[in-house]
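Engineer: Take a look at the letters that make up each chain.
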Amino acid sequence: MKFLFDRNTWQEIYGSIRKNKVRTIITVIGVTWGIFIYIALSGAAKGMDNGFEEAFETVAINSMFAWAQNTSMPYAGFKTGRPIQLKLGDVQVLKNRIPEIETIAPRNVRGFFGTPQANISRGGTTGNYTVYGDFPDFTKISTKKIYDNGRFLNDEDIEQARKVCVIGERTQKELFDKDEDPIGGYIRIDKVYFQVVGVHKFVPGGGFEGDGDIFIPFTTYRKLYNTGDDVMWFSIAAYNDADVIQVEKDVKAVLKNIHKVHPEDERAFGSFNLGEIFNKIIGFSKGITFLSLIVGIATILAGVIGIGNILLISVKERTKELGVRRALGATPREVRNQIIMESVVLTLLSGVIGIILGALVLAGINNATQDIDFPYNNPTVPIPLVLAALAIMVILGTLIGLIPAQRAVSIKPIDALREE
Amino acid sequence: MIEIKDLHKSYKMGSNSLHVLKGINFKAEDGELVAIMGSSGSGKSTLLNILGMLDEADSGEYVLDGIPIKNLNETKAAKYRNKFLGFVFQSFNLINYKNAMENVSLPLYYQGMGRKERNEKALKYLEQVGLKPWATHLPNELSGGQKQRVAIARAMAAEPKLLLADEPTGALDSTTSYEVMDLIQKINDAGNTILVVTHEEDIAHMCKRIIHLKDGVIVEDKKVKQVRAADYVQ
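Residue numbers (my numbering), protein chains in the order written: chain A, 1 to 420; chain B, 1 to 234.
Not one of these hints is a red herring.
Result set (BS3-like, lysine-lysine): computed pairs, CA atoms no more than 27 angstroms apart in a straight line:
1) 320(A) - 98(B)
2) 208(B) - 222(B)
3) 412(A) - 79(B)
4) 178(A) - 163(A)
5) 98(B) - 412(A)
6) 161(B) - 320(A)
Just so you know, these hints were derived from the structure itself, not from any lab.
Turn these sequences into a full structure, and let the hints steer you where they fit.
Structural biologist: This is the structure in structure tokens:
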């Protein structure tokens with residue numbers, strides 16, 4: 001190992017690599033390309049991974065939504081096509097019958113599913129916004145970031161049916177002056193005055209909500225819009241260890257039972273399972289990561305084999321030189337080490353260039369994806385993976401270098417020096 | 001210095017065996033300048049290769065400066081070559097991407113000498129062959145005679161016991177040939193033992209002793225009056 005730290009060794013290697021610049025460059029390109037592909041692909045995959053993770057950050061992953069539609073089968077004396085209406089009372093039944101449920105948040109909305117948006121006004125400004133009627137429990141399923149000094153709806157708001165609301169960033173911008181504190185201010189929702197208690201920060205990627213949404217207490221909503229016990233849909237979160245797909249089936253079964261729907265009627269209730277979707281997306285991004293690993297390693301391998309190939313040719317070309325070195329006293333071991341070191345140095349050099357290029361491209365991607373509405377964030381390759389790639393290249397470089405090195409050693413100096 | 005007894009060497013060519021050296025005996029003392037002559041196929045290059053430890057004899061004894069040379073593995077042979085022998089080749093065999101100084105210092109590198117020390121030594125030997133101003137030139141920037149002088153400096157740099165020159169003037173015109181022989185004679189004058197393989201009569205007569213090989217045996221071994229190459233060099 002001593003020869004590794006000997007400056008002379010490196011001078012010899014540098015000398016022979018420098019000798020043929022064009023060939024060295026072409027050789028290097030192979031491995032550089034491989035490691036570049038590896039870094040760029042796995043970094044890009046990681047960015048997508050981060051993006052998805054960020055998009056789902058605000059939502060409980062083992063959560064689902066359930067809503068009612070029309071029946072498609074006659075049952076218990078009811079004819080087919082009967083519209084079903086979810087009721088507030090369903091909540092307790094669901095909770096009692098399905099122990100895996102952690103939270104149920106019944107929700108209503110103005111502005112979706114055929115209902116018009118609410119008319120909001122403040123002073124001379126008016127606009128149409130989506131208004132949700134919500135329970136505080138809703139934040140356990142989908143967190144809402146509230147700006148300083150504000151709060152989300154609480155239990156007392158529900159009990160007393162207070163006329164309070166949480167508004168969105170855009171709502172604030174459009175209804176309030178720039179340096180005006182919206183908290184404590186009043187806005188009119190469909191001609192009823194509401195006091196603003198909080199402003200929520202909009203995080204993109206979580207369903208159909210937007211940055212102008214207004215949340216009011218469920219109890220106030222039902223008074224305002226005269227909806228009684230009607231619920232448009234349930235947001236349901238299961239406990240972490242529960243199988244959310246089974247919970248989804250159970251919820252539908254219970255709802256069918258309550259609303260006297262045929263147990264095999266698949267159309268009466270709709271549902272959407274975030275856990276399943278999330279697993280699919282995570283699986284997809286895992287697949288992409290795995291693919292980039294395979295492609296990267298295969299390309300690196302091809303590049304390293306290229307280096308071995310070039311060195312093999314180079315050894316043949318340098319037969320005479322190696323013969324001279326042997327005649328001047330180079331031992332077979334010294335010749336072998338030199339060729340292997342040339343291989344390792346070439347591999348490492350190309351690897352480092354590839355890593356730098358890959359990092360530059362990732363930085364470029366990062367800049368380009370800063371402001372677009374796509375789940376993409378911070379494309380990086382973890383340092384241990386980079387180091388592992390370098391280690392693999394040293395090992396591969398050594399292994400592939402063994403072939404030309406063995407060829408070099410097997411040349412007898414007498415044959416190498418024989419005059420043509 | 002050199003003692004060879006009953007040296008035999010044959011090469012296998014398919015099913016045939018080619019007997020190249022058929023019992024060579026000779027001795028060379030310290031400070032001798034010996035020319036080995038013979039037509040092609042006479043075995044002179046084979047003999048030189050065996051003397052240079054690039055090849056091994058089938059049978060017979062070879063003693064160099066009291067050290068029996070036998071049963072060499074490649075590593076040991078390399079060490080012996082490095083320590084005991086200097087080579088000069090017909091086609092110079094300089095390494096074309098190294099400058100004159102680096103070429104001369106190469107055997108010193110394999111001796112494990114530090115860079116500074118070996119470059120100093122290389123410059124000293126380049127000065128002796130009159131090429132110090134060309135130290136940083138690459139071989140392709142030198143003339144044939146200059147290349148051979150660099151090669152001689154390289155062979156001498158390791159201070160070998162024996163200098164082996166295989167047709168050192170074979171690729172040179174007669175003027176430069178004489179210059180190179182002048183250099184070889186001067187090195188010999190300084191007390192070094194030198195063996196020159198040649199097929200040119202005039203070159204052979206610039207040595208002190210001529211051995212004629214024919215069909216693998218020594219047919220003539222005579223001392224000659226040395227012709228000084230300096231007489232032909234302007």
